[in-house]
Every structure is written in structure tokens, then in C-alpha cells.
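Protein chains: 2
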Amino acid sequence: MTDTRLARPGDIVAIASDHAGVELKTALKGELSALGFVPLDLGTNSSDSVDYPDFGHALAQAILDKKAVAGVAICGTGIGISIAVNRHAGIRAALAYDDATAKLAREHNDANVLAMGARIVNADQAKTMLKTFFATPFAGDRHARRVAKLG
Amino acid sequence: MTDTRLARPGDIVAIASDHAGVELKTALKGELSALGFVPLDLGTNSSDSVDYPDFGHALAQAILDKKAVAGVAICGTGIGISIAVNRHAGIRAALAYDDATAKLAREHNDANVLAMGARIVNADQAKTMLKTFFATPFAGDRHARRVAKLG
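Here the protein sequences come in this chain order: F and U. The working numbering puts the first residue of the first sequence at 504, with every later residue one more than the last. The working numbering puts the first residue of the second sequence at 504, with every later residue one more than the last.
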């Protein structure tokens with residue numbers, strides 16, 4: 504049976520946030536390492552105000568350039584940065600708010616970026632969602648036809 | 504002061520869903536009418552299985568073609584259809600899970616499409632979110648610079 508998980512131990516996973524997500528990004532970098540992935544930190548790394556689209560576009564580009572196999576995107580609500588990431592064909596950012604949506608995003612949408620809001624989920628919730636996201640295979644079948652239509 | 508709400512009474516608001524969202528779509532069409540908007544129903548209108556990207560792309564195109572000033576997009580989680588809508592430059596779909604995120608999507612992201620998951624929110628929650636979304640003005644200022652960078 505084909506392994507349709509998103510990443511395997513040793514794979515590089517990009518992670519990016521705006522200033523609102525710096526603290527959560529640090530927590531999730533640790534969790535990515537604990538899961539056996541190699542985090543590629545695309546910033547930001549201070550509390551200075553930055554623009555979330557810069558970091559969303561950079562994250563998508565890193566995956567398109569094959570510098571990473573998948574990504575994690577964070578801003579205050581996750582809404583802004585997920586819009587930026589989803590501007591890029593072939594990249595599917597799922598804004599998840601809990602473990603169930605993180606799981607469905609992999610099963611149904613073959614999401615390759617997990618987007619979260621630092622004001623919405625706490626570090627413990629986010630770590631669980633991250634673990635679920637990377638553990639869940641894509642279900643394929645009719646879902647593959649739909650993902651193809653996303654472009 | 505400029506009115507930075509998304510739509511005014513009499514304006515056309517497009518609404519689209521896949522089969523999972525048909526029931527919620529019907530409820531929200533009624534709420535759009537109650538708010539004074541004119542709903543433009545882009546389907547689907549049966550429980551037959553359809554592909555959410557078809558409806559997401561059609562919704563974005565309706566706004567780009569100025570057939571509607573804004574939109575509402577529904578699928579099981581809201582994730583799939585929001586990715587489809589956000590493939591289109593100038594269209595910003597916010598996947599909201601509660602009233603607070605619906606509000607922030609307008610204030611910070613100037614979202615012109617509200618995306619929701621029919622498995623995630625019930626009709627009462629969704630109606631409140633819809634009302635909040637259309638009542639909330641865009642905050643502009645630094646947020647306008649960020650929205651411009653979304654493309």
C-alpha cells in the first residue's frame with residue numbers, strides 16, 4: 504500500500520509566522536524535531552511588526568522550490584497567512600482549529616501546509632494538531648479528483 | 504468617514520456549497536435576505552456528490568465578474584472550498600469557526616468571502632457569524648498594506 508503521509512523522518516518542513524505567531528512557532532519547531540522532521544525556519548523571529556503575506560508567500564515558494572516537503576503557517580488568526588499561501592498553485596494550506604479539522608485536511612484535501620492562529624489555539628492544542636496532521640494519510644479516490652481541480 | 508463594510512442593502516451576495524453544505528446554504532440564503540442583501544445561489548442544490556472546487560471557483564469568478572459584491576462558501580469543513588476560492592487574485596476567503604474569527608477576517612483581512620464548514624458550525628452559529636461578517640468594517644491602515652500584498 505502506498506504511504507500517502509506528507510513527510511517522513513528526516514524530511515524538511517518549513518515553518519513561518521508573523522510577529523503574532525513567533526512564540527507558537529518556537530513551540531512547533533520543537534515538536535517538528537520531536538517528530539523526526541528537520542524544521543526550516545523562515546521567520547519572523549522578533550516581536551517587530553511584519554506583514555503576514557511576506558511570510559506566507561515565502562513558505563509556499565520554499566515548498567514549490569523543493570526546499571521543504573511541507574509547511575506550517577501561523578499568524579494571529581491563521582486567516583491572513585493561509586490566504587497568502589493558497590495564492591500558489593500546488594500548495595494547499597488548511598486553516599485548522601482543532602484536531603478533527605487537522606485530520607480531515609489531510610484525509611480529504613491532501614493539505615501540504617497546516618495553518619493555525621496563535622490567538623486561537625494554545626501551544627498544547629497546536630502540537631497535537633501538528634502531530635495528527637503529519638500522521639494522517641491522504642484518502643485519495645474521489646478526493647484526489649477534487650484536489651486536482653484545486654490547481 | 505468612509506463606509507468600509509463589504510455590502511449594502513440591495514447588493515448581490517453569491518453563495519455556493521458542495522453537497523455537504525446544501526442545508527446550511529438554504530439557512531444562510533434566508534439570513535442574507537433578512538439582512539437586506541440579494542442572494543445569488545450558485546448551487547449545488549441536491550445531496551448528489553459534487554466536487555467543492557467547481558463551486559469555489561464559480562463563486563470567486565462571480566465576484567470577479569461583478570455579478571456579486573461578496574460571497575459565502577460552504578463545504579464539509581470549509582477547508583477545501585476556501586482553498587479553491589483563494590486561488591483567485593483579489594478574492595479573500597476567510598475560513599471562520601466562530602463569531603470572533605468572522606469579525607477579525609473583516610477588520611484585518613478585508614475578506615470578501617466568508618467560508619464555513621457545515622460539519623463544524625450549526626445554522627444558528629453560522630447565521631450570527633454571517634451577520635457579524637457583513638456588519639464589520641475593514642480597519643484599513645497597516646492592514647491595507649498587508650491586504651495589497653496578498654494579490
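The hints are simulated quantities; they were obtained by calculation from the structure and are not laboratory data. None of these values were measured; they are calculated from a predicted model. Worth double-checking, as some hints may not be accurate.
[Unchecked claim] Here are the simulated lysine-lysine pairs, DSSO-like style, with alpha carbons at most 30 Å apart:
1. U:K532 / U:K606
2. F:K569 / F:K630
3. U:K606 / F:K630
4. U:K634 / U:K532
5. F:K532 / F:K634
6. F:K606 / F:K570
7. F:K606 / U:K606
8. F:K634 / F:K570
9. F:K606 / F:K532
10. F:K532 / U:K569
11. F:K652 / U:K652
12. U:K532 / U:K630
13. U:K570 / U:K630
14. U:K634 / U:K652
15. U:K606 / U:K569
16. F:K652 / U:K569
17. U:K606 / U:K652
18. F:K652 / U:K570
19. U:K652 / F:K570
20. F:K532 / F:K630
21. F:K569 / F:K606
22. U:K569 / U:K532
23. U:K652 / F:K569
24. F:K634 / F:K652
25. F:K532 / F:K570
26. F:K634 / F:K569
27. F:K606 / U:K630
28. U:K532 / F:K532
29. U:K652 / U:K570
[Claimed, not checked] Facing chain U, according to a computed beta carbon distance under 10 Å, are these residues of chain F, among others:
30. D557
31. A592
32. F641
[Said to hold, decoys possible] Anything over 12 Å on all C-beta distances counts as not near chain U; from chain F, calculated:
33. S550
34. L567
35. H611
Just so you know, even glycine gets a beta-carbon here, dropped at the ideal spot from N, CA and C.
Okay, the hints, checked on the actual structure:
no.	hint	verdict
1	U:K532 / U:K606	holds, 20 Å
2	F:K569 / F:K630	holds, 24 Å
3	U:K606 / F:K630	holds, 26 Å
4	U:K634 / U:K532	holds, 12 Å
5	F:K532 / F:K634	holds, 12 Å
6	F:K606 / F:K570	holds, 24 Å
7	F:K606 / U:K606	holds, 26 Å
8	F:K634 / F:K570	holds, 21 Å
9	F:K606 / F:K532	holds, 20 Å
10	F:K532 / U:K569	violated, 43 Å
11	F:K652 / U:K652	holds, 25 Å
12	U:K532 / U:K630	holds, 10 Å
13	U:K570 / U:K630	holds, 23 Å
14	U:K634 / U:K652	holds, 27 Å
15	U:K606 / U:K569	holds, 24 Å
16	F:K652 / U:K569	holds, 23 Å
17	U:K606 / U:K652	holds, 21 Å
18	F:K652 / U:K570	holds, 23 Å
19	U:K652 / F:K570	holds, 23 Å
20	F:K532 / F:K630	holds, 10 Å
21	F:K569 / F:K606	holds, 24 Å
22	U:K569 / U:K532	holds, 19 Å
23	U:K652 / F:K569	holds, 23 Å
24	F:K634 / F:K652	holds, 27 Å
25	F:K532 / F:K570	holds, 16 Å
26	F:K634 / F:K569	holds, 22 Å
27	F:K606 / U:K630	holds, 26 Å
28	U:K532 / F:K532	violated, 43 Å
29	U:K652 / U:K570	holds, 25 Å
30	D557	holds, 7 Å
31	A592	holds, 7 Å
32	F641	violated, 13 Å
33	S550	holds, 15 Å
34	L567	holds, 14 Å
35	H611	violated, 6 Å
Of the numbered hints stated above, those contradicted by the structure are hints 10, 28, 32 and 35, listed in ascending order.
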